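A.B. asks: If you want the building blocks of each chain, they are given just below.
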Amino acid sequence: MLKVAQQTSKQILQRNSTKVILCLFSIILLYAGIIGKIQYNNFEKIRIKYQNEVRSSWVNSPDKHPHRMAHYGYIAFRPKSALSVFDYGLESYLGNAIFLEAHKQNTTNFSEASLSTTMMRFGEISIAMILQLLFPLLIFFLGHNVISSDRENGTLKILIAQGLNMRSLIIGKILGVLFVSSIIFIPTFIYSAILHFSISSFNNEWTNFLCAFLLYSISIIIYSCIAVCVSAISNKSKLALVSLIGLWLILFVALPRSTQAFAEKIYPTPSKIAFESGIEEEIIKEGDSHNPDDKHYKNLKDSILRTHHAVSIEQLNFNYAGFQMKEGERISSQIYNKHKQNLNRVFKNQNNLMSYTGFLNPYICIKEISLLLSNTDFETYLDFQEQAEKYRYELAQEMNDLQIKLIPNKKLSDTAKTYSISKHHWATLKDFNYTKPKITNLLKNNQIPILALIYWIILTIVILIVYPNKIKVL
Amino acid sequence: MTYSLLIKLFLRSKVAIIGLSFLFFSGVTSILIGKEFISKQQKKVETTSFYQKNHISKTVKFQQNEMGLLLYYLKFAYVNQVEPLTGLSIGQRDIYLGIQQITIRNLEEKKYDSDLSNPAALQLGNLDFSFVLIYLFPLIIIAFSYNVISEEKEDETWKLLCIQSKNPWYIIFQKLIIRYVSIVGVLLLLLSIAMILLEIPLKEAFLATILISILYVSFWFLLISWIISWQKSSSYNAISLLSIWLFLNVVAPAFVNNFLLAKYPIPEALKTSMASRDGYHRKWDEDKESTMIKFYKHYPQFKKYKLPEKSFSWLWYYAMQQMGDDEASTYSSAMKLKLLQRENVSNITGYFLPSLHIQLQLNNLANSGLQNQLEYLDSISSFHEMKRIYFYPKIFENRPVSEENWSSHKVAFFIQKNQVNWLALILPPFIIISILIFLIFIQISKIIK
Chain E
1 MLKVAQQTSK QILQRNSTKV ILCLFSIILL YAGIIGKIQY NNFEKIRIKY
51 QNEVRSSWVN SPDKHPHRMA HYGYIAFRPK SALSVFDYGL ESYLGNAIFL
101 EAHKQNTTNF SEASLSTTMM RFGEISIAMI LQLLFPLLIF FLGHNVISSD
151 RENGTLKILI AQGLNMRSLI IGKILGVLFV SSIIFIPTFI YSAILHFSIS
201 SFNNEWTNFL CAFLLYSISI IIYSCIAVCV SAISNKSKLA LVSLIGLWLI
251 LFVALPRSTQ AFAEKIYPTP SKIAFESGIE EEIIKEGDSH NPDDKHYKNL
301 KDSILRTHHA VSIEQLNFNY AGFQMKEGER ISSQIYNKHK QNLNRVFKNQ
351 NNLMSYTGFL NPYICIKEIS LLLSNTDFET YLDFQEQAEK YRYELAQEMN
401 DLQIKLIPNK KLSDTAKTYS ISKHHWATLK DFNYTKPKIT NLLKNNQIPI
451 LALIYWIILT IVILIVYPNK IKVL
Chain Y
1 MTYSLLIKLF LRSKVAIIGL SFLFFSGVTS ILIGKEFISK QQKKVETTSF
51 YQKNHISKTV KFQQNEMGLL LYYLKFAYVN QVEPLTGLSI GQRDIYLGIQ
101 QITIRNLEEK KYDSDLSNPA ALQLGNLDFS FVLIYLFPLI IIAFSYNVIS
151 EEKEDETWKL LCIQSKNPWY IIFQKLIIRY VSIVGVLLLL LSIAMILLEI
201 PLKEAFLATI LISILYVSFW FLLISWIISW QKSSSYNAIS LLSIWLFLNV
251 VAPAFVNNFL LAKYPIPEAL KTSMASRDGY HRKWDEDKES TMIKFYKHYP
301 QFKKYKLPEK SFSWLWYYAM QQMGDDEAST YSSAMKLKLL QRENVSNITG
351 YFLPSLHIQL QLNNLANSGL QNQLEYLDSI SSFHEMKRIY FYPKIFENRP
401 VSEENWSSHK VAFFIQKNQV NWLALILPPF IIISILIFLI FIQISKIIK
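Note that the protein sequences, when read in sequence, are chains E and Y.
Going left to right, the first sequence walks through residues 1 to 474 as the numbering used here numbers them.
Going left to right, the second sequence walks through residues 1 to 449 as the numbering used here numbers them.
Some hints could be false.
[To be verified] Pairwise CB distance ranges (calculated):
(1) Y:Y296 - E:F197: 50 to 60 Å
(2) Y:V184 - E:N16: 32 to 42 Å
(3) E:F275 - Y:I440: 52 to 62 Å
In case anyone wonders, no lab produced these hints; they're calculated from the structure.
Note that the structure is a prediction, hence the values are computed from the model and not measured.
Ideal Cβ placement from N, Cα and C applies to all residues, glycine included.
Using the sequences and the hints given, assemble the complete structure.
C.D. replies: Structural data, given as structure tokens:
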């Protein structure tokens with residue numbers, strides 16, 4: 001078996017075309033890594049600079065009314081994942097900055113894609129993209145004729161007649177293809193490890209990194225198995241090659257886009273206007289703080305006055321406007337979060353449908369697990385948005401609390417200077433610090449691709465056990 | 001005689017039937033997806049105008065006293081209109097927000113708001129007609145033609161052909177022509193279906209679309225003809241053609257795009273939102289006079305409105321809001337410059353990559369590229385400015401709310417003027433095609449010798 005493997009890899013490496021293609025691959029991989037690192041460094045440098053600027057301008061704001069501060073707000077920047085050097089994932093399509101202010105949930109803006117030309121839509125080169133999309137094609141190319149050429153020139157008969165069984169032959173051939181692939185694959189991972197190490201020294205992301213290595217190792221075994229099996233059943237190498245290319249086109253080019261279109265059809269994304277007006281309507285139904293005759297706020301005022309045995313607001317020992325805003329903020333963000341979750345469910349449904357095709361299409365399942373491991377997936381993005389929204393809520397309520405506690409109820413005359421509080425209060429609001437979700441949580445919430453991967457592993461083993469006996473030698 | 005025989009032969013082959021029907025069905029699907037996209041946009045516009053009518057009448061009812069406070073709340077929608085052609089090439093339209101609802105307050109904070117979208121879907125891209133044309137058509141052309149010569153040699157019918165026919169190369173030529181005509185036929189059929197389903201007017205932009213589509217298909221045919229004329233094996237042809245397809249459609253554009261992003265980072269984007277936030281909010285802490293001086297400098301015509309002796313006035317408030325935009329303007333124009341730079345580099349790259357060139361041109365014709373977005377953004381600014389100039393005097397004089405005819409404030413539209421730049425459209429593919437024809441001629445003259 002090992003002899004077969006040795007022989008096969010030697011044969012493949014003897015071809016001139018192999019050498020050319022391996023060289024091209026190395027160049028693209030090197031480029032992808034370098035450019036990934038440059039982009040990461042560019043982005044993080046800018047982000048950290050601006051994040052500090054936002055923080056210092058918050059802390060150094062002069063004395064003012066806390067509600068002014070609540071409107072001044074904060075800007076949260078989304079940090080790039082360190083492993084995005086390896087797998088950009090959705091990075092370019094995710095918003096990078098979100099303005100956090102009282103009363104209002106803003107969108108996350110300035111995704112790289114929104115600042116790009118159409119060229120972006122042709123795809124991006126990252127090391128993971130090459131391993132996901134182009135590497136299988138390389139394996140198909142290396143492996144398409146490993147058995148069919150033996151059949152064409154009659155050596156297959158001789159090999160079997162010499163007592164070699166079909167299973168060891170196939171496994172040997174797979175090992176041969178794997179050996180040649182690893183000439184690129186192993187250095188690629190060492191290279192990625194160096195790149196990764198150069199931006200983030202040892203931390204827990206190394207587990208993710210090693211998992212990614214394992215994932216892609218499994219992927220090349222699966223693809224090698226497919227290539228060799230197709231070669232085994234083809235009478236001619238030419239036919240094996242054309243079938244493998246056809247398979248690649250269907251699985252890697254045609255299927256993902258059509259599935260996406262289908263998912264959007266079944267679970268349509270609501271329009272922004274419908275989403276926003278839905279929230280607005282529900283908030284007004286609950287209590288419209290802008291309507292002077294609103295029932296909710298009238299009742300609230302009456303009950304507060306009653307419990308504090310006061311006749312008018314001015315008699316209260318806390319700021320009523322602040323109290324009312326706190327209530328408004330609570331209601332509106334509750335409603336917003338509910339709608340946002342519904343929206344996210346639509347997106348999740350669309351993505352799950354895609355994940356299910358991972359059972360038909362190893363490309364999808366490997367791509368999705370790789371995204372999760374690199375923290376460049378949709379779930380991580382939602383997590384960022386949730387943390388930013390939570391921070392926004394805390395900011396608004398902390399400013400409301402300051403107003404309740406420190407601002408008098410008495411209305412000032414038109415010409416008097418507005419109430420303000422000392423600037424030392426601003427520093428009590430802690431900085432926005434995004435913490436990445438735990439990988440175990442991500443995997444727990446995204447079981448479909450994991451199950452699909454397990455299915456592919458089992459399927460590969462089963463095929464290697466059952467299939468070889470059914471292949472005709474002649 | 002030979003033609004009809006060869007046509008029969010071709011149309012009876014499995015490859016032809018599968019290939020042509022695959023193109024046809026994926027083409028029709030893509031057109032339907034485009035139609036869906038357009039009708040979704042139209043529905044959004046309808047929802048928006050319905051919303052706007054309600055929103056204005058309700059807000060006006062609650063805020064009868066102060067024009068300044070009313071205009072704090074009022075939102076006016078401004079729509080980037082879709083063309084029927086957008087259905088063929090959705091381009092970047094799924095990324096950008098096509099309907100902006102703006103107040104007359106600070107614009108720079110709102111202008112770059114994003115749409116609700118699923119990033120995973122955006123990354124995969126749309127299955128629109130341009131995808132079918134750019135990615136799938138060449139593949140089917142490759143499948144049809146890669147073995148036209150090599151097959152004859154490998155099946156050993158070549159010798160037979162040489163004996164029986166005076167000029168075997170003429171038969172090869174005929175075979176390729178049949179394939180070319182059938183592919184162009186499907187292309188034209190799809191475009192006419194699109195014309196009916198999407199109600200595309202038969203105007204310059206559509207004619208240009210048809211022309212570059214045909215040029216693109218012709219480019220691939222010539223490229224393939226040249227490669228197969230080297231008379232290598234079928235496997236060699238298949239691998240080299242697929243590699244070329246991968247290079248032109250996947251690797252090269254991604255290669256350049258990544259370079260572009262790394263070469264021209266846009267920190268100005270983030271800086272713009274910070275500057276506009278500081279530009280406005282900091283004014284609350286500053287001396288009112290200095291804000292007003294800046295405001296009067298921007299709008300000398302409003303000098304006659306003097307700041308009242310009150311601690312708060314709408315004149316001061318809107319002057320502060322104005323500063324948000326004014327102080328962000330250096331960054332936002334720097335950002336625009338960077339975006340134009342990116343656009344420029346990709347246009348130049350397109351001269352060498354036919355796939356990129358046709359995608360950029362289709363998006364230009366369909367008003368769905370970055371160029372359109374930039375023009376829309378400029379146009380939002382003018383729309384916003386128009387509303388400001390209109391309402392500022394009314395606010396500063398605190399005109400009665402009832403005086404205004406509020407129902408006249410309807411949803412407004414941006415329609416990009418479409419001018420086909422024929423030279424940029426045709427010259428690059430024309431040059432590449434001429435080079436290929438030249439190369440094929442050299443090859444043929446070698447063979448004949």
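A.B. asks: Against the earlier hints, flag every one the structure doesn't satisfy and list their numbers going up.
C.D. replies: none
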